[in-house]
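Protein chains: 2
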Amino acid sequence: MPMKIINLDHMSATPLLPEVQDAMIEAIKTTYGNPSSQHKLGDLAATALEKARESVARLIHCTSMKELVFTSGGTESVNHAVKGVAMAKADKGKHIVTSNIEHNAVLRTLRRLKMMDYQVTSVPVDSKGRLNPMDVAKAIRDDTILVSIMHSNNEIGTIQPIEEIAKITRERKVLFHTDAVDSVGVVPVDVEKLGVDLLSFASNAYYGPTGVGGLWIRRGTTVWPLLDGGVQENNKRAGTENLIGIMGMGVAADLALRDMNTRVAHAKKLKEKLLRELPNYITEYMINGDPENSLPHLLSFSIKYIEGESIVLMLDDESIAVSTRSACAAGALQASHVLLSIGRDFADAQGTLVVTFGLDNKEDDVLKFLSALRESVRTLREISPLVAKAASA
Amino acid sequence: MPMKIINLDHMSATPLLPEVQDAMIEAIKTTYGNPSSQHKLGDLAATALEKARESVARLIHCTSMKELVFTSGGTESVNHAVKGVAMAKADKGKHIVTSNIEHNAVLRTLRRLKMMDYQVTSVPVDSKGRLNPMDVAKAIRDDTILVSIMHSNNEIGTIQPIEEIAKITRERKVLFHTDAVDSVGVVPVDVEKLGVDLLSFASNAYYGPTGVGGLWIRRGTTVWPLLDGGVQENNKRAGTENLIGIMGMGVAADLALRDMNTRVAHAKKLKEKLLRELPNYITEYMINGDPENSLPHLLSFSIKYIEGESIVLMLDDESIAVSTRSACAAGALQASHVLLSIGRDFADAQGTLVVTFGLDNKEDDVLKFLSALRESVRTLREISPLVAKAASA
Numbered sequence: 001m002p003m004k005i006i007n008l009d010h011m012s013a014t015p016l017l018p019e020v021q022d023a024m025i026e027a028i029k030t031t032y033g034n035p036s037s038q039h040k041l042g043d044l045a046a047t048a049l050e051k052a053r054e055s056v057a058r059l060i061h062c063t064s065m066k067e068l069v070f071t072s073g074g075t076e077s078v079n080h081a082v083k084g085v086a087m088a089k090a091d092k093g094k095h096i097v098t099s100n101i102e103h104n105a106v107l108r109t110l111r112r113l114k115m116m117d118y119q120v121t122s123v124p125v126d127s128k129g130r131l132n133p134m135d136v137a138k139a140i141r142d143d144t145i146l147v148s149i150m151h152s153n154n155e156i157g158t159i160q161p162i163e164e165i166a167k168i169t170r171e172r173k174v175l176f177h178t179d180a181v182d183s184v185g186v187v188p189v190d191v192e193k194l195g196v197d198l199l200s201f202a203s204n205a206y207y208g209p210t211g212v213g214g215l216w217i218r219r220g221t222t223v224w225p226l227l228d229g230g231v232q233e234n235n236k237r238a239g240t241e242n243l244i245g246i247m248g249m250g251v252a253a254d255l256a257l258r259d260m261n262t263r264v265a266h267a268k269k270l271k272e273k274l275l276r277e278l279p280n281y282i283t284e285y286m287i288n289g290d291p292e293n294s295l296p297h298l299l300s301f302s303i304k305y306i307e308g309e310s311i312v313l314m315l316d317d318e319s320i321a322v323s324t325r326s327a328c329a330a331g332a333l334q335a336s337h338v339l340l341s342i343g344r345d346f347a348d349a350q351g352t353l354v355v356t357f358g359l360d361n362k363e364d365d366v367l368k369f370l371s372a373l374r375e376s377v378r379t380l381r382e383i384s385p386l387v388a389k390a391a392s393a
Numbered sequence: 001m002p003m004k005i006i007n008l009d010h011m012s013a014t015p016l017l018p019e020v021q022d023a024m025i026e027a028i029k030t031t032y033g034n035p036s037s038q039h040k041l042g043d044l045a046a047t048a049l050e051k052a053r054e055s056v057a058r059l060i061h062c063t064s065m066k067e068l069v070f071t072s073g074g075t076e077s078v079n080h081a082v083k084g085v086a087m088a089k090a091d092k093g094k095h096i097v098t099s100n101i102e103h104n105a106v107l108r109t110l111r112r113l114k115m116m117d118y119q120v121t122s123v124p125v126d127s128k129g130r131l132n133p134m135d136v137a138k139a140i141r142d143d144t145i146l147v148s149i150m151h152s153n154n155e156i157g158t159i160q161p162i163e164e165i166a167k168i169t170r171e172r173k174v175l176f177h178t179d180a181v182d183s184v185g186v187v188p189v190d191v192e193k194l195g196v197d198l199l200s201f202a203s204n205a206y207y208g209p210t211g212v213g214g215l216w217i218r219r220g221t222t223v224w225p226l227l228d229g230g231v232q233e234n235n236k237r238a239g240t241e242n243l244i245g246i247m248g249m250g251v252a253a254d255l256a257l258r259d260m261n262t263r264v265a266h267a268k269k270l271k272e273k274l275l276r277e278l279p280n281y282i283t284e285y286m287i288n289g290d291p292e293n294s295l296p297h298l299l300s301f302s303i304k305y306i307e308g309e310s311i312v313l314m315l316d317d318e319s320i321a322v323s324t325r326s327a328c329a330a331g332a333l334q335a336s337h338v339l340l341s342i343g344r345d346f347a348d349a350q351g352t353l354v355v356t357f358g359l360d361n362k363e364d365d366v367l368k369f370l371s372a373l374r375e376s377v378r379t380l381r382e383i384s385p386l387v388a389k390a391a392s393a
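Note that the protein sequences, when read in sequence, are chains A and B. For the first sequence, our numbering assigns the number 1 to the initial residue and increments by one for each residue that follows. For the second sequence, our numbering assigns the number 1 to the initial residue and increments by one for each residue that follows.
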């Protein structure tokens, strides 16, 4: 009974692909046992679990299965990585380097660690949202134990120079975690090529289910588990696995790897059309992010004199789903720290829309979105006190 | 394609009931959005999430939805509760009281906290696995911040006097967490009646999926989140929810509540039959646990001169699934701390079988199990050096 909705908010949730649905439904009907049990019911489950692990490993070019831990999603992966390194390395130091535009999962985890006497240096980004690796180098101190920089940003799509940063962290012998939740399955990610030590990702970025993720931990990296208890996941993450979700993640990984090029091409085509047509529909807007280093399916733009949230609601009435910022932060009332960091003022930050394309979008969706957007912007600007203020200025 | 297996190991995994399967399959096909999104796709998901929350809340007699947090399973719930209280109350003290027979999720979490200068007093249990509330009272110090005692034990089934302990913790103004992972959905659990402050549970104890659990936190209880990040779950647990799993958990909760009495009666009947027939099939064994205060579906017994693990493997060849201990500990090679705590010696602890009945078991399964068990015990004792030693003693 899904309503006919034009989904331009694939950052919040990707629909499950038919093959993923089939795998999960089969898992449900098969009624697997507990992968840790010592009898046949357990063997079946353990075999299915390891098959999924191989699929997910291939997607990030991980060759040692023991390096890959299944989690309950990107947030758990990030918490595990950052808190886990912080705790394990506390005797070496309590200083962590990060960027100004991290996802709340990193940001709030670091805020939590500050309550435990950790210190955090946050590296700025330029107006395109990209940081300078040399700023990371400068921020590293003798007591630095971890650098955590996101692979791509979930609000503006900017991809960071992770490989260059990794060269610095390796030279300085500091562990490097990257939050790649919005990159893995969307753009090619190769853990060895990147040179990081820990990498967080999630299944729902690439048409797998929510509530399932992965944390890649380079062999030999000492990290405290976030979940202590049983001996699951090579003693790195206790708790009976979410096998149904993990099997969905495995199939989604197979498909993401197989179709990566065509998906990227499809998204780019739609994004370019939107960029090209946008000036024919609205005026006075600014594109956010870095055209050269960007997620192919994401476009963020700030529209002057309106509130993004009002647009989201008006477009929702037209059955078009779009976002003004990360769904994880939708309940929060502050302006986006990401947009403020790239130099947008408070009002422009509040007037931001994030469009994320997906496999289910057609070129026609772009024009339907733009028509509805034009009407919404016109209506909102007619009643906007900001417009009046700008006109009288 | 499930093999025809007699499953007497429902502690490791319960099969998904048809209604639970249907709910999860519908959730998969509906392709819900992200509950935190501000558009229709998100609304649908948020409505489904809250419906499931109400179902799960009813099962534990929780009346305030804000008190119930969905987690990735019992282990996360326990880690969240114990570490969360430990961190939030660190300025008041760093002493925690627990029992000798907790699940690894509690045990190893406390071991982790000891690495952070917390102190733990572990209260012993009697030969039936039951602790004396007065021992808890004696263990509480001025710097005690938390008592964590399991509701029922996963290896021997003993149910603890939680209400009596709660009277003590309330009087002493110490928070009380109970790991009720093996009780909720199996026996009636009422958070208000119990008087605890935090209660952990999991969906796979009552025919819901693995990888989904709940943590009940009494209103006003300050607990640090385990997962920092987005504002999901009333800011208590970040991360996009595992909606498909949670919807399965909700339906499983409805059914568990509706059928509680008949399920308990069914399990008791099978357990009584097993207890009654056991002496007709094997000799020299000891029943573990407390007949008066016990999970209705669990029977643990230690068989002299054999290794439980060998029995598990031999019965597996006969397509009978049974366990020698918690699946979470199946990879560990030590003798069960629970069995040692109730006074079993190392050899007897290793000779233990845990039978847990479920809805799919029939009376006939008991006799099939007993016949196979008799053969296995006979074979193993013929080759056992322990038998020879006992005979020559």
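Just so you know, the hints here were simulated from the structure itself, not pulled from any lab data. Don't take each hint at face value.
Same chains, same names: a pair is fine if it fits in one copy or spans any two.
Straight-line distance between alpha carbons at most 20 Å, and here's what the computed SDA-like set of lysine to any residue pairs gives [stated by the list, open to error]: (1) Lys173 - Val231; (2) Lys94 - Ala57; (3) Lys304 - Ile383; (4) Lys40 - Leu370; (5) Lys40 - Ile5; (6) Lys89 - Arg111; (7) Lys368 - Arg141; (8) Lys362 - Tyr305; (9) Lys29 - Asp360; (10) Lys92 - Lys114; (11) Lys40 - Ile6.
What you are looking at is a predicted structure, and each value in this text was computed from that prediction instead of being measured.
How would you classify lysine 173 and valine 231 at a CA-CA limit of 20 Å: within, between, both, or neither?
-> This pair counts as neither: shortest intra-copy Cα distance 30 Å, inter-copy 34 Å.
Go through the copies and call it for lysine 92 and lysine 114: within, between, both or neither, with a Cα cutoff of 20 Å.
-> For lysine 92 and lysine 114, the Cα distance is within 20 Å both inside one copy (16 Å) and across copies (19 Å).
When no copy is named, should lysine 89 and arginine 111 be tagged within, between, both, or neither for a Cα gap of at most 20 Å?
-> both (18 Å within a copy, 18 Å between copies)
At 20 Å max between alpha carbons, let me know whether lysine 40 reaches isoleucine 6 within a copy, between copies, both or neither.
-> Classified as between; 11 Å across copies, 45 Å inside a copy.
With 20 Å as the alpha-carbon cut-off, assign the pair lysine 368 and arginine 141 to within, between, both or neither.
-> neither (52 Å within a copy, 67 Å between copies)
Lysine 362 and tyrosine 305: within-copy, between-copy, both or neither at 20 Å Cα = So lysine 362 and tyrosine 305 fail the 20 Å test inside a copy (29 Å) and across (70 Å) alike.
Homo-oligomer pair classification [alanine 57, lysine 94; C-alpha up to 20 Å] = This pair counts as neither: shortest intra-copy Cα distance 31 Å, inter-copy 40 Å.
Are the CA atoms of lysine 304 and isoleucine 383 at most 20 Å apart within a copy, between copies, both, or neither?
-> Within. Shortest intra-copy distance 13 Å satisfies the 20 Å Cα cut-off; inter-copy 84 Å does not.
From the Cα coordinates, with 20 Å as the cut-off, is the pair lysine 40 and isoleucine 5 best called within, between, both, or neither?
-> Between copies only: 9 Å across chains, 44 Å inside a chain, cut-off 20 Å.
Measure nothing new, just compare the shortest in-copy and cross-copy C-alpha distances for lysine 29 and aspartate 360 to 20 Å and report within, between, both or neither.
-> For lysine 29 and aspartate 360, the Cα distance is within 20 Å only across copies (15 Å; inside one copy 27 Å).
Up to 20 Å CA-CA - leucine 370 versus lysine 40, copy category = between (56 Å within a copy, 19 Å between copies)
The earlier numbered hints that this structure contradicts are 1, 2, 7 and 8.
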